[in-house]
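**Student:** Here the protein sequences line up with chains X and U, keeping their order. Here the first sequence stands for residues 1 to 359, where the numbers follow this note's numbering. Here the second sequence stands for residues 1001 to 1288, where the numbers follow this note's numbering.
The set of hints was computed from the structure by calculation and includes no laboratory data. A hint or two may mislead.
Here are the computed lysine-lysine pairs in the DSSO-like style, where the Cα-Cα straight-line distance is at most 30 Å [what the hints assert, rightly or not]: (1) K1098(U) - K1187(U); (2) K179(X) - K169(X); (3) K132(X) - K1126(U); (4) K169(X) - K186(X); (5) K245(X) - K318(X); (6) K186(X) - K1187(U); (7) K179(X) - K1187(U); (8) K132(X) - K169(X); (9) K179(X) - K132(X).
Treat the numbers as computed from the prediction; the structure is a model and nothing was measured.
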Amino acid sequence: MSEPLLRLVGLSKRFGDVIALDGISLDIAAGEFLTVLGASGSGKTTTLRLIAGFEPPTAGQILMNGADIAPLPPYRRNVNTVFQQYALFPHLDVRENVGYGLRMRGVPVPDRENRVAEALAMVQLGDLGARKPRQLSGGQQQRVALARALVNRPQLLLLDEPLGALDLKLRRAMQLELKHLQTRLKITFVYVTHDQEEALTMSDRIALMRSGRIEQLGTPDEIYHQPGTRYVADFIGETNLLGGKVMALTDGEATLALGAAVVRAPRPPGAAIPLGSDAWLSVRPERVTVGVRGDARPERNTLDGVVADVVFVGAGSKVHVALANGTRVIADRSGDRAFAPGDPVTVGWPVEAGVLLRD
Amino acid sequence: MTSSSAATRRRLLRLGALLPLAWAVVLLFVPYAFLLVQSFWRVAGGVLTPGFTLDNYRRLIGTSLYPRTILYSAETALWVTGFALLLAYPLAYLLAFKARRHRDLLYFAVIIPLWVSYVVRAYAWKIILGQHGILNGLLLSLGLIHEPLSVLLYSRWAVVVALTHIYTPFALMPIFAVLEAIPPSLKEASQDLYAGRWRTFLHVTLPLSLPGVLAGATFAFVLSMGDFLAPQLLGGNDSALMVSNLVWSLFGVAYNWPLGAAVAVVMLGLTLGLLTLTGAAERRGQTR
C-alpha cells in the first residue's frame, strides 16, 4: 500500500469523565471506501467529528497526506461532510446550498454555476435547483447534501449515517448509487453507520468499533467469515453462538465440550486459546442443516434438539431448534422436508463452518 | 368513568375555554368598541354629547400638533428599537451559544427586571440622570465637568435611554428563541464548507435569526411608541411628550374625551397595521 491518505494515530477523545474514543490508530488509503461500523456510543460519530474538525482530539494525530490537520479548524481542511440530518441551509435554495462551499472559497460565478449544475446533474436533481430544502423529499434532500459536499471535490468525504432517515427500499437503491459514485469519482469515503448490512454491501474495509476502540478491522468478507471476537460475530449478520470448554487441541482442530456433547472446529490461527479455557463457537445459520433425528448425517458436528419455531422469511424459512441445554440454534431451512414445532431433529454443520472465539 | 360524568367534564372544559374569551370580550373588545363609538361624539358646552360627527378626525388631521406628535413618537420609538436591538442581539447570541454553565442564571438576570414595577425602573433613571444624580456625580468626581449638567434629565434622550432599558428584554426574548432553535449542525455545515466563524454568522446564523429580530423590533417599537410614563417622568418639557401623553391630557385636563378617543383609535389602527405587516413578513420568511 502506498502512503495512506489519512492516518489516525493514537486518537483519543474525552468528554469530561466519558472516554468516547480510546486511542484508535487507522490508515485509510486514497480511493478507499472505509466504513466505521458500531452500535450507538461506540465512538464512530466521534471519530468522524474529529476528522472533520468539529471537535478537538484529547490526544493523538490526524495525518492527512502526512501533515497533522488536528490543529486546523474545519474550514481549513480539505474534507467535506454529509450530515446525518443533511443540515441543508433552510433559507437558501438547492443551487445556493450546493454552491455554498464554492462561494466561500471565492470561486468565480460562471465557474461556480457550471460546477453546481454538474453536481446537481450527477445526483439527478438538475431541475430542482430553485427549490427550497423544505420542498424536497427526504431522498432528494439526501442527494442535495451529497452534491453540496462533492461539488468541492474533496480528497476525503465523511458521511455520517447519510441513509439513516430513508426507508428501506430507497436506502438499498442509494447504497448502490453511492458505491458507484465513489468508484467513479475515486474519492476516499469514510462512512459511519450502525447498519451492518449497509457496511457489508458498500465497504472496501470495515472498522468495527466498540466502546471507543476498533474491535476488528478487515474486509467485509474477513469480518463476516473470520470474526475475531464473539462481539464481532454477534454484531455482523446472524449467527449461532455456542459456549463451551476447550477439551483438546490438535494441529488443525480444536475440540469443544458443549455440556455432554462434543463438537469440532478449525483451530484458530495464532490466537492462543489454551486447553481447558472457556470459548465460543460461532456458526452462521446458512451453514447449519436440519434433519430428522436418527437419519445419517454428512457432517461431523451434530447436535440433537427439538424444533421450537419455524419462521417464514420469504425466500425460505428459518428453523429454530432448542438443544437439550436450552440453547437455540437457528438453521436456514434446507431440503424439502417441512418441520413443525415439537419435531425431534438433529442439526449439523461442517467443521470448517465454525469459528472458535475467545470471550 | 360513566358517560354522563364524561359529558359533565366536556361541559366543564368548554366552560373553561369560554372564560378567557369572556375576559377578552368584557375587558378588551367592549372598551375598544366604546372608544371607537366615542370618537364620533362631541363635547357641547362642557358636556359629553353622543352623536355622529367626523369633526374629531378632521381636527386631528388639520391641527399640525397631532401628526407631528405621532411622528415624533414614532421617531423616538425607532431610536429605542434600534438601541434595544443593538443590546439584545449580542446578549441573546451570548445566551444561546456561549453561556453554557451560567445560561439559566443569565437569562434570569435578563428577565428579572420585568418583575420590578415599571414606575420604579423609570424612577431609577431619574435618580441616575438628575441634576444631583449618580451620573453627574460621577462626571464631576472624574473632573470631566465642573458643574452638574441639567440636560441629562428631562430630554428626549433620557426617555430613549429609559425606554431602551425597559423594553430590551422584550426584544431579547424572541431573538433568543430563534437563535436557540438553529440546529448546531447548520453552523458545522457552514464551517465544513470553508466559511469561518464570521462568515458563518453572516450567511447562516444572521439570516436564520431575522424572524426573531423582526418580532423583537415590533415589540420594542409598539411598546415604546405607546408609552406615556417614561416621557411623563423623564421627558419634562412639552416638546418631549409623546402621543400617549397627548391622549392622557385630552382625557384629563382638556376634558375632550371624543378627541382623545379619536387619537387613540388612530394609534390603534397604526399599531394593528404594523403588526399585520410584520406578521406577514414573518410568514413569508417561513415559507420561503
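**Student:** Could you run down the list of hints and mark each one as holding or not?
**Tutor:** Here is how each hint holds up against the structure:
no.	hint	verdict
1	K1098(U) - K1187(U)	holds (14 Å)
2	K179(X) - K169(X)	holds (16 Å)
3	K132(X) - K1126(U)	violated (52 Å)
4	K169(X) - K186(X)	holds (26 Å)
5	K245(X) - K318(X)	holds (28 Å)
6	K186(X) - K1187(U)	holds (28 Å)
7	K179(X) - K1187(U)	holds (28 Å)
8	K132(X) - K169(X)	holds (25 Å)
9	K179(X) - K132(X)	holds (27 Å)
This entry does not satisfy hint 3, going by the numbered hints stated previously; all others are met.
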